[in-house]
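Chains A and B are the protein sequences, given in the same order. The first sequence begins at 179 in the numbering used here and counts up by one. The second sequence begins at 179 in the numbering used here and counts up by one.
These are computed hints drawn from the structure, not numbers from a lab. Be aware that one or more of the hints could be misleading.
In this list, chains with the same sequence are indistinguishable; a pair is considered to hold if it fits within one copy or across any two.
Computed list of lysine-lysine pairs in DSS-like fashion (alpha-carbon distance at most 30 Å, straight line) [stated by the list, open to error]:
#, residue 1, residue 2
1, Lys476, Lys421
2, Lys209, Lys476
3, Lys437, Lys395
4, Lys427, Lys209
5, Lys416, Lys520
6, Lys421, Lys509
7, Lys416, Lys509
8, Lys476, Lys509
9, Lys427, Lys437
10, Lys421, Lys475
11, Lys452, Lys437
12, Lys520, Lys272
13, Lys475, Lys427
14, Lys476, Lys416
15, Lys452, Lys421
All values reported here derive from a predicted model rather than from experimental measurement.
There are 2 protein chains.
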Amino acid sequence: MDTTGTSKKNSVGIVDTRYFTFERLDFRSGKTLSPVTLAYETYGSLNNNKSNAILIAHALSGSAHAAGYYSEQDTHPGWWDLYIGPGKPFDTDKYFILCSNVIGGCSGSTGPSSINPETGRPFGLDFPMVTIMDIVNAQWHLIRHLGIEKILSIAGGSMGGMQALKWAIAYPEMVNSVIAIATSASLSAQGIALNEVGRQAIMNDPNWNDGNYYGSKGPDAGLSLARMIGHITYLSEKHMHEKFGRRFKEEDLATASFKQAFMVESYLHYQGVKFVDRFDANSYLYITKAIDYFDLKKDYGSLHNAFVQVLANFLVISFTSDWLYPSAQLKEIVQALRANGKNVMYTDIETDMGHDTFLLDYEPLKRNISNFLKREFERISRT
Amino acid sequence: MDTTGTSKKNSVGIVDTRYFTFERLDFRSGKTLSPVTLAYETYGSLNNNKSNAILIAHALSGSAHAAGYYSEQDTHPGWWDLYIGPGKPFDTDKYFILCSNVIGGCSGSTGPSSINPETGRPFGLDFPMVTIMDIVNAQWHLIRHLGIEKILSIAGGSMGGMQALKWAIAYPEMVNSVIAIATSASLSAQGIALNEVGRQAIMNDPNWNDGNYYGSKGPDAGLSLARMIGHITYLSEKHMHEKFGRRFKEEDLATASFKQAFMVESYLHYQGVKFVDRFDANSYLYITKAIDYFDLKKDYGSLHNAFVQVLANFLVISFTSDWLYPSAQLKEIVQALRANGKNVMYTDIETDMGHDTFLLDYEPLKRNISNFLKREFERISRT
Numbered sequence: 179m180d181t182t183g184t185s186k187k188n189s190v191g192i193v194d195t196r197y198f199t200f201e202r203l204d205f206r207s208g209k210t211l212s213p214v215t216l217a218y219e220t221y222g223s224l225n226n227n228k229s230n231a232i233l234i235a236h237a238l239s240g241s242a243h244a245a246g247y248y249s250e251q252d253t254h255p256g257w258w259d260l261y262i263g264p265g266k267p268f269d270t271d272k273y274f275i276l277c278s279n280v281i282g283g284c285s286g287s288t289g290p291s292s293i294n295p296e297t298g299r300p301f302g303l304d305f306p307m308v309t310i311m312d313i314v315n316a317q318w319h320l321i322r323h324l325g326i327e328k329i330l331s332i333a334g335g336s337m338g339g340m341q342a343l344k345w346a347i348a349y350p351e352m353v354n355s356v357i358a359i360a361t362s363a364s365l366s367a368q369g370i371a372l373n374e375v376g377r378q379a380i381m382n383d384p385n386w387n388d389g390n391y392y393g394s395k396g397p398d399a400g401l402s403l404a405r406m407i408g409h410i411t412y413l414s415e416k417h418m419h420e421k422f423g424r425r426f427k428e429e430d431l432a433t434a435s436f437k438q439a440f441m442v443e444s445y446l447h448y449q450g451v452k453f454v455d456r457f458d459a460n461s462y463l464y465i466t467k468a469i470d471y472f473d474l475k476k477d478y479g480s481l482h483n484a485f486v487q488v489l490a491n492f493l494v495i496s497f498t499s500d501w502l503y504p505s506a507q508l509k510e511i512v513q514a515l516r517a518n519g520k521n522v523m524y525t526d527i528e529t530d531m532g533h534d535t536f537l538l539d540y541e542p543l544k545r546n547i548s549n550f551l552k553r554e555f556e557r558i559s560r561t
Numbered sequence: 179m180d181t182t183g184t185s186k187k188n189s190v191g192i193v194d195t196r197y198f199t200f201e202r203l204d205f206r207s208g209k210t211l212s213p214v215t216l217a218y219e220t221y222g223s224l225n226n227n228k229s230n231a232i233l234i235a236h237a238l239s240g241s242a243h244a245a246g247y248y249s250e251q252d253t254h255p256g257w258w259d260l261y262i263g264p265g266k267p268f269d270t271d272k273y274f275i276l277c278s279n280v281i282g283g284c285s286g287s288t289g290p291s292s293i294n295p296e297t298g299r300p301f302g303l304d305f306p307m308v309t310i311m312d313i314v315n316a317q318w319h320l321i322r323h324l325g326i327e328k329i330l331s332i333a334g335g336s337m338g339g340m341q342a343l344k345w346a347i348a349y350p351e352m353v354n355s356v357i358a359i360a361t362s363a364s365l366s367a368q369g370i371a372l373n374e375v376g377r378q379a380i381m382n383d384p385n386w387n388d389g390n391y392y393g394s395k396g397p398d399a400g401l402s403l404a405r406m407i408g409h410i411t412y413l414s415e416k417h418m419h420e421k422f423g424r425r426f427k428e429e430d431l432a433t434a435s436f437k438q439a440f441m442v443e444s445y446l447h448y449q450g451v452k453f454v455d456r457f458d459a460n461s462y463l464y465i466t467k468a469i470d471y472f473d474l475k476k477d478y479g480s481l482h483n484a485f486v487q488v489l490a491n492f493l494v495i496s497f498t499s500d501w502l503y504p505s506a507q508l509k510e511i512v513q514a515l516r517a518n519g520k521n522v523m524y525t526d527i528e529t530d531m532g533h534d535t536f537l538l539d540y541e542p543l544k545r546n547i548s549n550f551l552k553r554e555f556e557r558i559s560r561t
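Just chain A, same shape as in the assembly (with noise of 0.2 Å):
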């Protein structure tokens, strides 16, 4: 799949998503969608015995498009091509990869932005609300369908680990092993506090119309804002202070106004112009929720209850300067996890770069992921 052009190097190259349909999914609330599509996609091959498999969960803010580009001209991977692709942690020389938009998301799968058949019309506010273990049983629909019986390993950071945990949790048989990476079993107080002004940004905003807004005008600056929210909690105060300081866009305070006047200003504003280009407010607030009630102690009465079944070997990595998902909560998983005599590997990576870093191109995050999967993949082999 390795395209020739230079800027695809070392990259799974030219890639398109797939959609998926099925029949029904019955949601935690007691609702049911019917029918549900989810978009996919899969770099490198599927071994006969389709024991090298692995999913990739997507974050917040993430879809489908994990690795590789959509066209010769595109210049833009996917959201974590530096992980996957030939030789890299993700190895697709090696294993075959997958990753699928959320239900609930914007970006191919079903949606508050989808037609609802019941109406001819978008949902909006009529989709179910979003729980993770609905991400994660519509997820398993697509593994079935794939003919997938096992998992090598299921992998992601922030709401990508609570899917990778709720998998282990909730489909023990099928997991070979768990990367949960800067992710937690609950969210903070400070985290759900955080999500809520920024969904509070987007149902201020009176384009957003109590979701109803597909065909006209969307509430484009109140997304922007929340992103712009989320943006400050996924960098940490020291990595801010080193991109950005103090240093000034516009100086003068004679002529000082209410825009801009500091670079992590305008930095903050670019991303939250960028983002209303590729993502939908009502996804915003249906995710953003899916994280905020998820809670593996309160759902199985205590952290250690909830692996008592679990099968799966793990590899845990927190950050040490993520304060969105501090590394106190990783540990928390660690301990309960070896309380149940589970096997886990556990770094605290050592990083100025604050939650984000499991997006950035750092080595230790790449060789903990690296030496795991092939640790796993041989184990699987054996079996």
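Use these hints to put chain B onto chain A, whose structure you have.
Relative to the frame of chain A, chain B by itself:
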């Protein structure tokens, strides 16, 4: 001044806000305002040699009403009533306490909601950009009007601490001592970013109307959201966890909506709505900008240079769980002062309560202030 009501025990009692108008203020931006009014309150009595005056400098959302009650029926004392009163750290039996609303504010001092004499309409965004230096210069007029030549101490937390530092630098002969709490010589990039998303929440509100909303419905939703964002930063992750955890307000997924599901969301909304009743959105824009622009390093070449001319003694206090004004920023101030041979008492107070610790009933903070002031009052009384 003590009242007889039990609820007002240890209080300065019933107080009223006074107003001082002076002819003209030249802003750092080069613009001028004329006339200028400051709202202020005083508690206790100025002694004969006028050596017991303490200036309290308020933070972003504060006002001149730092202590006492407006009436017998009033149940909400001034914002620092826990610290100001008979027998309290700012002991009104000994000291003459003065607090004024900042220029640009909305609680009686001239600000963007005041009438512009040139147009007969509220200033709105025609108000000059405000800096901490402008705030201090306005206070200088009030101090001189009261006949005070040397201030026993200038005390403030957060933006109040910035004013205290600036006073000691700009008017060294007038400042005997400084109490700088949970503040910074220059806000971090992360702090600027958080202020900017708050401002953006206001400016995104269509009722903001480029600042021209006086006389009609203002940007209440935007201001409320800005306050919600602020409140997240005033608490620590741990304190939020202890205060709210993941307790639900509404738990049932079947009936769940995008209204607040968790207690922490409900708390933030309450804080936001309450704020709108007492604060002006344009003042929020101006005062957060004053905080952003404050930069002693840039203004004086280095923090060391900033403190060369300073004559005051310092009490500097940081809180271990304050992530908005982290201890490292206070330590930087302490180091620069000590490198200049200044007399500094510094305490990094262990607390889980975050930035807002300075507003809470916190014994270690009370003791530090009390002891420092006692020492400083003895020192000034000897000279």
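Results of checking the hints against the structure:
1. Taking identical chains as interchangeable, the C-alpha atoms of Lys476 and Lys421 lie at most 30 Å apart only when they sit on different chains, with a minimum of 18 Å there against 39 Å within one chain.
2. Taking identical chains as interchangeable, the C-alpha atoms of Lys209 and Lys476 lie at most 30 Å apart only when both belong to the same chain, with a minimum of 21 Å there against 58 Å between chains.
3. Proximity of Lys437 and Lys395 under a CA criterion of 30 Å is satisfied in both settings, with 23 Å inside one chain copy and 23 Å between copies.
4. For the identical chains of this complex, Lys427 and Lys209 are inter-copy neighbours only, at 21 Å across copies versus 50 Å inside a copy, given an alpha-carbon limit of 30 Å.
5. For the homomeric pair Lys416 and Lys520, the shortest alpha-carbon distance between copies (29 Å) is at most 30 Å, but the shortest distance inside one copy (35 Å) is not.
6. For the identical chains of this complex, Lys421 and Lys509 are neighbours both inside a copy (29 Å) and across copies (22 Å), given an alpha-carbon limit of 30 Å.
7. In the homo-oligomer, the alpha carbons of Lys416 and Lys509 lie at most 30 Å apart both inside one protomer (23 Å) and across protomers (16 Å), since each shortest distance falls under that limit.
8. For the homomeric pair Lys476 and Lys509, the shortest alpha-carbon distance inside one copy (18 Å) is at most 30 Å, but the shortest distance between copies (41 Å) is not.
9. In this assembly of identical chains, Lys427 and Lys437 lie within 30 Å of each other by CA distance solely inside one copy; the values are 10 Å within and 38 Å between copies.
10. For the identical chains of this complex, Lys421 and Lys475 are inter-copy neighbours only, at 18 Å across copies versus 37 Å inside a copy, given an alpha-carbon limit of 30 Å.
11. Proximity of Lys452 to Lys437 under the C-alpha cut-off of 30 Å is found in both arrangements, the shortest distances being 18 Å within a copy and 27 Å between copies.
12. Within a single copy, Lys520 and Lys272 get their C-alpha atoms as close as 26 Å, which meets the 30 Å cut-off; across copies the closest is 65 Å, which misses it.
13. Taking identical chains as interchangeable, the C-alpha atoms of Lys475 and Lys427 lie at most 30 Å apart only when they sit on different chains, with a minimum of 18 Å there against 46 Å within one chain.
14. Taking the shortest Cα distances, Lys476 and Lys416 sit within 30 Å of each other only across copies (19 Å), while inside one copy they are farther apart (34 Å).
15. Proximity of Lys452 and Lys421 under a CA criterion of 30 Å is satisfied intra-copy only: 19 Å inside one chain copy versus 36 Å between copies.
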